[in-house]
Amino acid sequence: MDANRVTRRRLMQGSGGLLITFSLAAAFRQAGVAGQEATPTIAPELPEASVTPTVEPGLVATPENQTHQDIQTRDVTGDTVDSWLEIDASGNITVYSGKVELGTGLRTALTQIVAEELDVPFARVTMIMGDTARTPDQGTTAGSKSIQVAGPVLRQAAAEARLILLTRASERLGVPADDLQVKEGVVSTLGGEDRSVPYGELVAEPFEREVTGEAPEKPPASYVLVGQPIQRVDIPPKLTGGEAYVQDVRLDGMLHGRVVRPFVRTMEGIGATLQNFDDSAAREIPGVVQVVRNGNFIGVVAEREEQAITAAKAIKVEWAFGDPLPAINQIHDLLREMPVNEDEGGEIVRNGDVEGALGVAAQSVEATYRFASQAHAMMGPSCAVADVRPDGATIYTQSQNVFNQGRTLADLLGLAPEQVHTIFREGSGCYGHSGFDDVAADAAMLSQAVGRPVRVQWMRADEFAWEPKSPPMTMDLRGGLDDRGSIIAWDYEVWTPTHNTRPGGDASSVLAGQLKEPPAAMFEVGYGGGDRNAPTNYSFPNNRVTVHWVETPPLRPSALRSLGGLANATANELFMDEMAAAAGADPFEFRLRHLYDPRAIDVITKAAEAAGWDARPSGPSATPAADGGLLKGRGIAFARYETEYAYAAVVAEVEVDPSKGNVRVTRAVVGHDCGLIINPDGLTNQIEGNVIQGTGRALKEEVTWDEHLVTSLDWSGYHILTFPEVPTIEVALIDRPEEDALGAGEPAICPVPAAIGNAIFDATGVRMRTMPFTPERVLEALGSAAS
Amino acid sequence: MAMLRQGDLEITVNGQPHTVQAAAETPLLYVLRNELKLNAAKFGCGLSQCGACTVHVDGEPVRSCIYPVSEAAGKQVTTLEGLGTLDDPHPIQQAFLDEQAAQCGYCIPGMMMTAAAFLDQNDRPSEADIRQALVGNLCRCGTHVRIIRAVQRAAGTTA
Chain A
17 MDANRVTRRR LMQGSGGLLI TFSLAAAFRQ AGVAGQEATP TIAPELPEAS
67 VTPTVEPGLV ATPENQTHQD IQTRDVTGDT VDSWLEIDAS GNITVYSGKV
117 ELGTGLRTAL TQIVAEELDV PFARVTMIMG DTARTPDQGT TAGSKSIQVA
167 GPVLRQAAAE ARLILLTRAS ERLGVPADDL QVKEGVVSTL GGEDRSVPYG
217 ELVAEPFERE VTGEAPEKPP ASYVLVGQPI QRVDIPPKLT GGEAYVQDVR
267 LDGMLHGRVV RPFVRTMEGI GATLQNFDDS AAREIPGVVQ VVRNGNFIGV
317 VAEREEQAIT AAKAIKVEWA FGDPLPAINQ IHDLLREMPV NEDEGGEIVR
367 NGDVEGALGV AAQSVEATYR FASQAHAMMG PSCAVADVRP DGATIYTQSQ
417 NVFNQGRTLA DLLGLAPEQV HTIFREGSGC YGHSGFDDVA ADAAMLSQAV
467 GRPVRVQWMR ADEFAWEPKS PPMTMDLRGG LDDRGSIIAW DYEVWTPTHN
517 TRPGGDASSV LAGQLKEPPA AMFEVGYGGG DRNAPTNYSF PNNRVTVHWV
567 ETPPLRPSAL RSLGGLANAT ANELFMDEMA AAAGADPFEF RLRHLYDPRA
617 IDVITKAAEA AGWDARPSGP SATPAADGGL LKGRGIAFAR YETEYAYAAV
667 VAEVEVDPSK GNVRVTRAVV GHDCGLIINP DGLTNQIEGN VIQGTGRALK
717 EEVTWDEHLV TSLDWSGYHI LTFPEVPTIE VALIDRPEED ALGAGEPAIC
767 PVPAAIGNAI FDATGVRMRT MPFTPERVLE ALGSAAS
Chain B
930 MAMLRQGDLE ITVNGQPHTV QAAAETPLLY VLRNELKLNA AKFGCGLSQC
980 GACTVHVDGE PVRSCIYPVS EAAGKQVTTL EGLGTLDDPH PIQQAFLDEQ
1030 AAQCGYCIPG MMMTAAAFLD QNDRPSEADI RQALVGNLCR CGTHVRIIRA
1080 VQRAAGTTA
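Residue numbers (our numbering), protein chains in the order written: chain A, 17 to 803; chain B, 930 to 1088.
One chain only, chain A, in its complex shape (with noise of 0.2 Å):
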């Protein structure tokens, strides 16, 4: 080795700073074996042997895995304390979260909201997340929920257990609860004589009582743990080769997986049926167990994951399609065009007369945005292991839905829903609804036709391919100022597919289901998440927004972080830019001149005088750029999630070459009001993530297709942003400890665009209204704005 290299006494004396350290080894055990759930045993009728995960040797035993082998007894209600927790005598604490994981910290916030309420050291708590026969069905993990919602339920949880534990703590001791104190887990008399009792020695018996409601919680401004930047106890495990994901389960006997089908995926599959299949190649190749085909569902099982690999590439098919897809370079005018849904949308807000107001306004002004398709694009391809047998289910799955994966599996396979066990494990990052549930149906498919365990991860062109997309929007906007330079007529129209098809519970939701044969009955879908963030925060006397929901999307929809609110938020923050500049005014000042709420005022000062904003009407100087013929431009823009959630504002700065086309954004500065903050760090992560996803989504992210096949299958054709090109990031957070926990897992997402797009035109003059702006884009509005 390098004699120059870094000595590992160096870093030690380097680590510590801002967060509460631990050793990695340390911070692993505190954790439990963070994100491990060694689940021990399923469904009795089932084999053991198949379902147990090879645990990697030297894990350190878990509090889980010695007193929870019995897993068919537990009550997943919700309704009780103990369905929420247990405590076993030597004081360790497991909690059952319905809600999951997704890389965003959600394990460590929730322990620390459990440890904080139950008065116990953050150690002794681990996380059970997301199995069908241990945690209660707490929906979908997405939507910056968790922290908001089942945040609450465990510290309601926890509060009722401790009411618990002191009653009969006051019964062991003699002493009335009043009288009794909790510290680091046990119950001590206030002051006088010093008797104490640990909860392990009040938990012989289950709690056996509802969750009421009514359990005094602990007051914020005692909070030990809770506000604390404890270090994440997921990490450890990723950063050492643990047994951390989907992808790392390996069940005894288990074969692996692949599928074959054509690079695309609607509405109702793949728009095409199978008219040629030759699989005699394939069932050559050594390893193969079995080609499976049942109507359009096609796959190869093989005992190692290359020749898998190697026999689905040599199986051939010939695809008969059906319509071709809607014309990509005209997506966003025919959106205008496609039906529409007559019993959703329309009119969401109608304030005073609009049009009245346009028709004496002293300025009016138009303007049409278009937001691209794209993609969730999880790092990881997605990963399923499924074990199938006649009489029941096992499922490994990154699925933020456990609970309708297992009801549209027992639907795909025959299977009734008590059959079917599905355990959640990490998978690389989501942000949404990606591929997962598809795969776990195709392992399943897999499984049940060899009768053995059956891995699947796709490949790259099939995550891309196969994905459910963030579909394109088109918003048109009118605006109307009075001759003071207020707006007095706002009026916003959308034309959007569906943001949200995930699966309930029917086979036809997930593409295997669709396939087989006979493909189940198309799913009913549900409209939702393209009008999010379509309505604004801001006051305006004559104000509409109308919701066109469009029926044919070109590909397979579904909720990619924000959903809608992402492309609503940009086409209002760019449109506010274009009245702040119609009126002459800053675009900072002109907002806060159509903003009452304080929290909102806030959090945009916050990020104006953190980035040292630069007060003036946005566009270019009189003076030419003297860096390098570089043009330089700030802008700025903020949204309130789904207009009444947690508070984000983004400053961002930006770098425009003219020559090229090229932006690059150097700076941004976010102000963000989320209200009691659970976990600062995690937090601030998190605000980074939205900013860097947010900037590739604004200058470089586009899904795009031709006649019948998505044409962006790897990372040269869908481009996310590399590290030379993440800007400086600063983020000024807003603790509001008196106030309820907001989800921050997409808010500040929403006005990053437009901060950019704000930013580009005070660099250049030129507005940029389709999304994503790349160089081509910019280099066609900089010429016709030349010509």
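None of these hints come from the bench; they were simulated from the model.
This structure is a prediction, so every number in the text was calculated from the model and none was measured.
Take these hints with a grain of salt, some might be off.
Derived Cβ-Cβ restraints for the label pairs, each shown as a range [unchecked claim]: (1) B/E1000 to A/V240: 47 to 57 Å; (2) B/V1064 to A/K329: 24 to 34 Å; (3) A/A383 to B/E1000: 50 to 60 Å; (4) A/F337 to B/E954: 32 to 42 Å; (5) B/E1056 to A/G733: 23 to 33 Å; (6) B/E989 to A/K676: 28 to 38 Å; (7) A/G733 to B/E989: 26 to 36 Å; (8) B/T948 to A/A297: 27 to 37 Å; (9) A/E334 to B/V1064: 32 to 42 Å.
Under 7 Å between C-beta atoms, here's a sample of chain B residues computed to sit facing chain A [claimed, not checked]: (10) N963; (11) G973; (12) C1070.
Where a beta carbon is used, it is the ideal one built from N, C-alpha and C, also for glycine.
Given the coordinates of chain A, work out where chain B should sit on it, guided by the hints.
Chain B only, in chain A's frame:
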């Protein structure tokens, strides 16, 4: 890929010799993950585009998703597990922990393997050097600023 034929192949991983059954052209990644049950190297693209599968062969970073296992014969393969462990972490692992430089973490082993090899050759890298060294490693969660800080910390060049 030519027809896979299984044969006994000797490779050395993290200092330990192994006889593996994979056919010669099998990408090293599948041997590491499935035969040797090493979790750190990840399948991301199979195309050498994302870096999630990065391991060291004779100290050089390679993309194991396209690197034939037969090429590794007679060479020293090092995975993240060979750099350090929970009890005895490599400085790059400790730095990533200290900076909390992970969200989902799927790309992170590849980041650390790329960074460790880079730091072996560059004692005092600038931030721009680090960004360029990691240009071929993709992260979808947007953990980049923390990853940069972690590499700076490991290099002892934290501002």
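Hint by hint, here is what the structure shows:
A beta carbon spacing of about 55 Å between B/E1000 and A/V240 agrees with the range 47 to 57 Å that was offered as a hint. Taking 24 to 34 Å as the suggested C-beta distance range, the pair B/V1064 and A/K329 conforms, at roughly 30 Å. The hint said 50 to 60 Å for the Cβ distance between A/A383 and B/E1000, and at roughly 56 Å that hint holds. At roughly 34 Å, the beta carbons of A/F337 and B/E954 sit within the given window of 32 to 42 Å.
At about 29 Å, the beta-carbon gap between B/E1056 and A/G733 stays in the expected band of 23 to 33 Å. For B/E989 and A/K676, the hinted distance range of 28 to 38 Å is satisfied, since their beta carbons lie about 34 Å from each other. Our hint of 26 to 36 Å for A/G733 and B/E989 holds, since their Cβ atoms are close to 28 Å apart. Taking the beta carbon of each, B/T948 and A/A297 are about 30 Å apart, inside 27 to 37 Å as hinted.
Here the CB-CB span from A/E334 to B/V1064 is close to 40 Å, well matched to the stated 32 to 42 Å. The interface hint given for B/N963 is met, as the beta carbon of that residue sits about 6 Å from the closest beta carbon of chain A, less than 7 Å. A hinted interface residue such as B/G973 counts as satisfied when its beta carbon comes closer than 7 Å to some beta carbon of chain A; here the least separation is about 5 Å, so the hint holds. Hint status for B/C1070: holds, given a least beta-carbon distance of 5 Å to chain A, under 7 Å.
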